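First to last, the protein sequences are chains A and B. Position 106, counted from 1, in the first sequence is what the working numbering calls 363; the numbers after and before it change by one each time, with no gaps. Position 134, counted from 1, in the second sequence is what the working numbering calls 391; the numbers after and before it change by one each time, with no gaps.
Keep in mind the hints are simulated off the structure, nothing from the lab. Model, not experiment: these values are computed from the prediction. Don't take each hint at face value.
All copies of an identical chain are treated as equivalent in the list; a pair is satisfied when it fits inside any one copy or across any two copies.
To be verified - For lysine-lysine, the following DSS-like pairs were computed, each having C-alpha atoms within a straight-line distance of at most 25 Å:
1) Lys283 x Lys395
2) Lys357 x Lys408
3) Lys567 x Lys508
4) Lys579 x Lys493
5) Lys545 x Lys493
6) Lys531 x Lys520
7) Lys408 x Lys283
8) Lys320 x Lys395
9) Lys300 x Lys320
10) Lys283 x Lys493
11) Lys395 x Lys347
12) Lys579 x Lys320
13) Lys504 x Lys545
14) Lys579 x Lys300
15) Lys395 x Lys273
16) Lys512 x Lys395
2 protein chains.
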Amino acid sequence: MNFKSLYNEQKEIVDKLLTDSLSNRKPSSLYEPASFILSNPGKRLRPVLVLFSAKAAGGSFDKAYNAALSVEMLHNFTLVHDDIMDNADKRRGRPTLHVKYDLSTAILAGDVLLAVAYEYLRRDLNGTAAAVVESFTKGLVEVCEGQSLDKEFEVRRTVSLSEYMMMIQKKTAALSKMCCEMGGLLAGGNDATVTALSNYGNDLGLAFQIQDDILDILADEETLGKPVGGDLIEGKKTFLFLKALEKSSGKVREKLEAVIDNKGINPNQVEEFKNIYFDLGVIDFAEKEVETLTQSAVNSLNTLKESTEKEFLKQLAFAMLKRNN
Amino acid sequence: MNFKSLYNEQKEIVDKLLTDSLSNRKPSSLYEPASFILSNPGKRLRPVLVLFSAKAAGGSFDKAYNAALSVEMLHNFTLVHDDIMDNADKRRGRPTLHVKYDLSTAILAGDVLLAVAYEYLRRDLNGTAAAVVESFTKGLVEVCEGQSLDKEFEVRRTVSLSEYMMMIQKKTAALSKMCCEMGGLLAGGNDATVTALSNYGNDLGLAFQIQDDILDILADEETLGKPVGGDLIEGKKTFLFLKALEKSSGKVREKLEAVIDNKGINPNQVEEFKNIYFDLGVIDFAEKEVETLTQSAVNSLNTLKESTEKEFLKQLAFAMLKRNN
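Working from the sequences, and respecting the hints, build out all of it.
In structure tokens:
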């Protein structure tokens, strides 16, 4: 099995379908901005999860392409609205929608992406309609809840690591979980199969988010596409930061608490805090956590029948471990 | 048949269900604002349309309550996001969400209302699942398109009356059409029944919007709950304004074009423009249009079997004609 070529083959199909999905729709004041965000150079991880989950559960890719598009649209809906809330100017080197256009356009482009997501989802509904809509909607509700908690944590002084885990469970893992569950449901997989895929997607999402927190400080600016240590500069309460706070005392703890009070650090302090993270062992701890979650994701798949797609999903999880952006 | 008591009985049930719908959900930073907007003193017209359409199509209220809640949530999702885009401070005398809380909270509260709308909708899905989701989603897409056109028209110099009609078709009528169609589908009504209800809802929505434009200038401030002539003050291109532009020439036309150039008028000019509207006969024209649409809505129901609910829907349409706020 060639993991990369299998991945890219589906990614290209999805990219093409996404490009076509909103063309010829009017008004262009609505769909042009929506197309712009959809055309960003994303990994298309979520559609890939839907497609390979469907096939791993005994179904076919063809029965799940519309659902695959729908999860990517849902994902982009969250990106557009989150970028507004986070006051983000850029995404993957391109201007965010509320910057390129304006606030109203961005809100509405996000809304219509979600609307069209349901439209595409509907096309793949069969006997399992209610369960698939339920899964999709549950993911949507959770991602809203997660984003709300994320905003709440920004203005709260203390957040525990377990609260953080609950937040990323909703904000990130709920969506990858949903993707795998939907794939399984659309393929008509039995309960055990759907649960196995669902658990895989959940742990994959958690691992992905913690890996993101690590990459923010360990990756280099060029591969990351944004300044190293951005989370610290913005004073974000990440997995690393909260674990460091938990493990620190004395002068070091004071320094970390100052990050909260000052709502961030200067870019020239990033190196110092990176060393604090290393000294406290939180980078090591986080990397172990990512490995454990990845292994747990992979183990969830054990009950599935052997297939290229099952193997693909396993390799996908390990590939996530090794990514550098 | 006592129209008012039938209406109020269902309105009270819906109010109670709406109040309960988001209680005990966490995080409260997300659901408390969403509850606040849901608790506004609305007419609950859309849920009433779903319920009576379902019963008029041979079904029962009980099978359609969740769908009824879902359309009210969808409606409130649009209110919250529209208020942001329109920079509106107040809604029915209460502060809008982005004013009472902040922009992020309002965007997200809107998003989650839509998400929970699908959650409730799902509960009423039966054999017609795909058709109901399709109807709901089509309504959602159209309302996004309509709002986008509305924003587009604000900055466009010229808008024709037929363009305006297409806009309100999407922004307002698509939702009432959807409500009636969903009721019919959930009740298992045949194609003719569903189409009849759908046409009824569509024409009712068009009439409702034009009536809104008329009331803005004819009603008094107290019953309206906002300043008379607000549309003119804000320079909105309403049915009345566009028709006046179409019928005017010379000095009067110049005055109307100045409203576009100046993006509105002073409150002390409202009376003058009201007289222009009367002189040009556009109030009369608009009132006839509302009557024609109302009659067309009512006629659509002729093919339905006689029932209290069919009679209710007819009276509802005529009651809309007579409303003063």
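Results of checking the hints against the structure:
1. In this assembly of identical chains, Lys283 and Lys395 lie within 25 Å of each other by CA distance solely across copies; the values are 14 Å between and 30 Å within a copy.
2. Taking identical chains as interchangeable, the C-alpha atoms of Lys357 and Lys408 lie at most 25 Å apart whether they share a chain (23 Å) or sit on different chains (17 Å).
3. For the homomeric pair Lys567 and Lys508, neither the shortest alpha-carbon distance inside one copy (49 Å) nor that between copies (76 Å) is at most 25 Å.
4. For a Cα distance limit of 25 Å, the shortest separation of Lys579 from Lys493 inside one copy, 24 Å, qualifies, whereas the shortest one across copies, 55 Å, does not.
5. Proximity of Lys545 to Lys493 under the C-alpha cut-off of 25 Å is restricted to the intra-copy arrangement: shortest distance 21 Å within a copy versus 59 Å between copies.
6. For the homomeric pair Lys531 and Lys520, the shortest alpha-carbon distance inside one copy (17 Å) is at most 25 Å, but the shortest distance between copies (54 Å) is not.
7. With identical chains, the CA atoms of Lys408 and Lys283 are at most 25 Å apart between copies only, with a shortest distance of 14 Å across copies and 34 Å within one.
8. Proximity of Lys320 and Lys395 under a CA criterion of 25 Å is satisfied in both settings, with 21 Å inside one chain copy and 22 Å between copies.
9. Taking the shortest alpha-carbon separations for Lys300 and Lys320, only the intra-copy value of 21 Å comes in at or below 25 Å, while the best inter-copy value is 42 Å.
10. Proximity of Lys283 to Lys493 under the C-alpha cut-off of 25 Å is restricted to the inter-copy arrangement: shortest distance 22 Å between copies versus 39 Å within a copy.
11. Taking the closest pair of Cα atoms, Lys395 and Lys347 never come within 25 Å of each other, the shortest separation being 29 Å inside a single copy and 32 Å across copies.
12. For the homomeric pair Lys579 and Lys320, neither the shortest alpha-carbon distance inside one copy (31 Å) nor that between copies (51 Å) is at most 25 Å.
13. When the C-alpha separation of Lys504 and Lys545 is checked against a cutoff of 25 Å, the pair qualifies only within one copy, where the shortest distance is 16 Å, while the shortest distance between copies is 75 Å.
14. Taking the closest pair of Cα atoms, Lys579 and Lys300 come within 25 Å of each other only inside a single copy of the chain (15 Å); across copies the shortest separation is 56 Å, beyond that limit.
15. Proximity of Lys395 and Lys273 under a CA criterion of 25 Å is satisfied inter-copy only: 24 Å between copies versus 28 Å inside one chain copy.
16. Taking the shortest alpha-carbon separations for Lys512 and Lys395, neither the intra-copy value of 40 Å nor the inter-copy value of 53 Å comes in at or below 25 Å.
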